[in-house]
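**Student:** Next come the chains, spelled out residue by residue.
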Amino acid sequence: MKKLALILAMALSTSAYAGELVDVDKGMQGRMNHEMLYADDCEACHTGDAKKFVDDSSCIACHGEINEIELDTEKLVMPEANPHKSVHYNQGASCLACHAEHQTKKPVCSECHRTWFDEM
Amino acid sequence: MSNRRSFLKLSAGLAAGGLAAGLSSTANASECVADIKWHEEVDLLVIGSGFAGQSVAVNANREGLGKVLVLEKMQVIGGNSAINGGWFAVPKNPVQLAQGINDDSPAELVKDQMIAARGMGNEQMLTKIANEALNAYNMCLDAGVKFKKDFNIQVGGHNKARAVRVEHGTGGDIVTKLYEAGVREGVDYRLQYKVEDFIMNGNEIEGVVVRRGYRFPDESTGELINIRANKGVVLATGGFTRNMELRAAVDPSLDPSLDCTNHLGATGEATLTAMAHGALPVHMNMIQTGHWGSPDEGGFGWSNALLSIGWHKGIAVNPTTGTRIMDERADRLTCSTAIMACRHKDGSPAYPLVFFNKNDHLGDARVTRAVRDEMAWEMDSLEQMADKFNVPLAQLKATVKQWNDYVAKSEDPDFNRKMDTAVKLKAPFVVSRVWPKVHYCMGGLKTDIDGRVVNARTMKPIKSLYAAGEVIGGVHGHARLSSCACLEGLAMGFILPKSIKADA
Ligand SMILES: Cc1cc2nc3c(=O)[nH]c(=O)nc-3n(C[C@H](O)[C@H](O)[C@H](O)COP(=O)(O)OP(=O)(O)OC[C@H]3O[C@@H](n4cnc5c(N)ncnc54)[C@H](O)[C@@H]3O)c2cc1C
Numbered sequence: 001m002k003k004l005a006l007i008l009a010m011a012l013s014t015s016a017y018a019g020e021l022v023d024v025d026k027g028m029q030g031r032m033n034h035e036m037l038y039a040d041d042c043e044a045c046h047t048g049d050a051k052k053f054v055d056d057s058s059c060i061a062c063h064g065e066i067n068e069i070e071l072d073t074e075k076l077v078m079p080e081a082n083p084h085k086s087v088h089y090n091q092g093a094s095c096l097a098c099h100a101e102h103q104t105k106k107p108v109c110s111e112c113h114r115t116w117f118d119e120m
Numbered sequence: 121m122s123n124r125r126s127f128l129k130l131s132a133g134l135a136a137g138g139l140a141a142g143l144s145s146t147a148n149a150s151e152c153v154a155d156i157k158w159h160e161e162v163d164l165l166v167i168g169s170g171f172a173g174q175s176v177a178v179n180a181n182r183e184g185l186g187k188v189l190v191l192e193k194m195q196v197i198g199g200n201s202a203i204n205g206g207w208f209a210v211p212k213n214p215v216q217l218a219q220g221i222n223d224d225s226p227a228e229l230v231k232d233q234m235i236a237a238r239g240m241g242n243e244q245m246l247t248k249i250a251n252e253a254l255n256a257y258n259m260c261l262d263a264g265v266k267f268k269k270d271f272n273i274q275v276g277g278h279n280k281a282r283a284v285r286v287e288h289g290t291g292g293d294i295v296t297k298l299y300e301a302g303v304r305e306g307v308d309y310r311l312q313y314k315v316e317d318f319i320m321n322g323n324e325i326e327g328v329v330v331r332r333g334y335r336f337p338d339e340s341t342g343e344l345i346n347i348r349a350n351k352g353v354v355l356a357t358g359g360f361t362r363n364m365e366l367r368a369a370v371d372p373s374l375d376p377s378l379d380c381t382n383h384l385g386a387t388g389e390a391t392l393t394a395m396a397h398g399a400l401p402v403h404m405n406m407i408q409t410g411h412w413g414s415p416d417e418g419g420f421g422w423s424n425a426l427l428s429i430g431w432h433k434g435i436a437v438n439p440t441t442g443t444r445i446m447d448e449r450a451d452r453l454t455c456s457t458a459i460m461a462c463r464h465k466d467g468s469p470a471y472p473l474v475f476f477n478k479n480d481h482l483g484d485a486r487v488t489r490a491v492r493d494e495m496a497w498e499m500d501s502l503e504q505m506a507d508k509f510n511v512p513l514a515q516l517k518a519t520v521k522q523w524n525d526y527v528a529k530s531e532d533p534d535f536n537r538k539m540d541t542a543v544k545l546k547a548p549f550v551v552s553r554v555w556p557k558v559h560y561c562m563g564g565l566k567t568d569i570d571g572r573v574v575n576a577r578t579m580k581p582i583k584s585l586y587a588a589g590e591v592i593g594g595v596h597g598h599a600r601l602s603s604c605a606c607l608e609g610l611a612m613g614f615i616l617p618k619s620i621k622a623d624a
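Respectively, the protein sequence lines represent chains A and B.
For what it's worth, the numbering used here labels the leading residue of the first sequence as 1, then goes sequentially.
For what it's worth, the numbering used here labels the leading residue of the second sequence as 121, then goes sequentially.
Treat each hint with caution, since some may be false.
When the alpha-carbon atoms are kept at most 27 Å apart in a straight line, the in silico BS3-like pairs for lysine-lysine are as follows [claimed, not checked]:
no.: 1; chain 1: B; residue 1: K268; chain 2: A; residue 2: K51
no.: 2; chain 1: B; residue 1: K478; chain 2: B; residue 2: K546
no.: 3; chain 1: B; residue 1: K157; chain 2: A; residue 2: K52
no.: 4; chain 1: B; residue 1: K248; chain 2: B; residue 2: K280
no.: 5; chain 1: A; residue 1: K26; chain 2: A; residue 2: K51
no.: 6; chain 1: B; residue 1: K266; chain 2: A; residue 2: K85
no.: 7; chain 1: A; residue 1: K85; chain 2: B; residue 2: K280
no.: 8; chain 1: A; residue 1: K85; chain 2: B; residue 2: K157
Restraint ranges, calculated between C-beta atoms of paired labels, are given here [claimed, not checked]:
no.: 9; chain 1: A; residue 1: G27; chain 2: B; residue 2: T578; range: 26 to 36 Å
no.: 10; chain 1: A; residue 1: A18; chain 2: B; residue 2: K269; range: 36 to 46 Å
no.: 11; chain 1: B; residue 1: S340; chain 2: A; residue 2: M36; range: 43 to 53 Å
no.: 12; chain 1: B; residue 1: E305; chain 2: A; residue 2: A18; range: 31 to 41 Å
Only part of the chain B face toward chain A is listed, based on derived beta-carbon distances under 10 Å [to be verified]:
no.: 13; residue: P214
no.: 14; residue: L217
no.: 15; residue: G220
no.: 16; residue: E287
no.: 17; residue: L384
no.: 18; residue: V491
no.: 19; residue: Y526
no.: 20; residue: K529
no.: 21; residue: S530
Calculated from the structure, these hints are not laboratory results.
Think of the CB as a built atom: it goes at the ideal place given N, C-alpha and C, for glycine as much as any other residue.
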């Protein structure tokens, strides 16, 4: 399975980036780089009813497991603040804890700490 | 395209693992157990993936109790344990012994806990837990947990230095390693599986109703399935500090100005479900506030770590008077009470200032990150501090001068503080503000000393229902001591599997 190396979009100086939210379908927003998934239908990520079930398997199928996804560590404010190798959860975090497909989401660490991740 | 297909195949495979039949039919308690469609069957079901859940799961698996499944409702593992401060009380730990402290023992720890419990603790159970401390510590070492080198200190309310701390100062160091060990050894973990109800057969639990695919906090997400547990169900679901209604119902005195340190999922619905099925709750109104919260950050944040310097090396001052307010090293209840007494005339919080010498801690990460995140400030002088925080300067100066005299004499006539770590104060300072945050539920479900949940009508165990960790009540009485929840959760993992085996 081919994995995409993700560069965490923290600096955000560019106007368009892979994970940017765009209108995809009837007012529904989605990630620009997931257009091909929308071409199928919701079932590409949701097995069955969207409300009922979605988990990480669709993310992992393309991007790989959390610890395998490379971040640009030079952009991290400190080494411990690597969200894909966090001291609190490490591999025990769902993608959905920090990322959402149809809207921006606050990363889970922001429940306690100031974070430097603006777009998730 | 092939990526998408492989994913779809994968999820279809998952569904076939037990979900194929009758997804819509879920059980409720009144239904006859014989009619229930079980979507999945395991030997031991553990609800919650914090210290208690992980330790029980790993140890039950090692004890050969069969297929162990851990359900976690959140999108991350670990609950409070993952964000915890990583202080762990271990009498007779190797660092302590190397420090020459040879007169500690589990019984010594229990003595401290019973004092803090103010007559409401469970000595037998505390003893049983303390006796497993070294086992719990060694389990962590074996799983690859790294502890701070040569680090063992005396934390609030303890009469001896016996708390070790993990490398990164967070229980996440333990949770992540136990999780990896569990996965390696065959424990099955599922995120976003929220237990909604129990399936009972009279006084025995047979399984649970689970909301699979739950997305906290949206209760309409996910789908209901029934999971059967042949040997037992373990509640390791933690406390309920984030359930504002329940919190207010059991302790109306909890000041509404208090924030909370706990993870957002500490909402206690499993406790209430157990009660609905006959479990006896105890001490529900005993809810601990941590006296080291910072009003300048969310949740637990950095404050507690920063104040592990502050309480030892610095002092706490009421900004409206400029005087000290307490024995900075006393237990939580004592300190919280003293802090919350600091008010402006209109009753609003006057956040006490805790400060210590900046130059004694240059480059200390606890300081650097606190200052970086603007929940602490470096102040060049008492003048600057008085100005920024609106403290009466003359009194502030007098307080510091008097404190320095106390340090010289190694004696604190005002609050009788233990002075072995006290330091003379000299500018520049690191200053932070404190206000308690709701932190820990001493109360919860009553269990026997082996972790069996007690039925309120009969005072006998509910068959096959076990509980461990913060979800249980009556252990610590009025005040749990710092570093003892870590111990409790991890230690119960050695106790519960034995009970489950004995009952099988
Ligand atoms: C910020 C903070 C710092 C702390 N620092 C320390 C310290 O340094 N030393 C110390 O000894 N103690 C400390 N404590 C206390 C200690 O961490 C907790 O008491 C302990 O982690 C509780 O462990 P637990 O396994 O019982 O519960 P938790 O770790 O909270 O785990 C319970 C899990 O159950 C899950 N759950 C709940 N209901 C359901 C349901 N219906 N279905 C499925 N899953 C469910 C939750 O989501 C959660 O993940 C701290 C606590 C906090 C909040």
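**Student:** Does B:K248 pair with B:K280 here, judged by a C-alpha cut-off of 27 Å?
**Tutor:** 20 Å, holds
**Student:** So if I understand the rule, the pair passes when the alpha-carbon distance is 27 Å or less; does B:K266 with A:K85 pass?
**Tutor:** Given pair B:K266, A:K85 holds - Cα atoms ~16 Å apart, limit 27 Å.
**Student:** With 10 Å as the cut and Cβ atoms as the points, is B:K529 at the interface with chain A?
**Tutor:** 40 Å, violated
**Student:** Compare the distance between the alpha carbons of A:K26 and A:K51 with 27 Å, and conclude whether the hinted pair is satisfied.
**Tutor:** Holds: A:K26 and A:K51 sit about 17 Å apart, inside 27 Å.
**Student:** Regarding the hint that B:V491 lies at the interface with chain A, is the smallest CB-CB distance below 10 Å?
**Tutor:** 12 Å, violated
**Student:** Verify the proposed pairing of A:K85 with B:K280, using a straight-line Cα cut of 27 Å.
**Tutor:** It is violated: about 35 Å lies between the C-alpha atoms, which goes past 27 Å.
**Student:** For the hint 43 to 53 Å, verify it against the beta carbon of B:S340 and that of A:M36.
**Tutor:** 29 Å, violated
**Student:** For the hint on B:L384, just tell me whether its beta-carbon gets within less than 10 Å of chain A.
**Tutor:** Constraint on B:L384 satisfied, holds at 6 Å.
**Student:** Answer holds if the nearest beta-carbon of chain A is closer than 10 Å to that of B:S530; otherwise answer violated.
**Tutor:** 37 Å, violated
**Student:** Would you mind confirming whether the straight-line C-alpha gap from A:K85 to B:K157 stays at or under 27 Å?
**Tutor:** Violated. A:K85 to B:K157 sits at ~39 Å, over the 27 Å cutoff.
**Student:** Return holds or violated for the Cβ distance of B:E305 and A:A18 against the range 31 to 41 Å.
**Tutor:** 38 Å, holds
**Student:** Would you check whether B:L217 satisfies its interface hint, that is, whether its CB is within less than 10 Å of any CB in chain A?
**Tutor:** It is violated, given that the least Cβ distance between B:L217 and chain A is near 28 Å, above 10 Å.
Comparing the model with each earlier hint shows violations of hints 1, 7, 8, 9, 11, 13, 14, 15, 18, 19, 20, 21; every other hint is respected.
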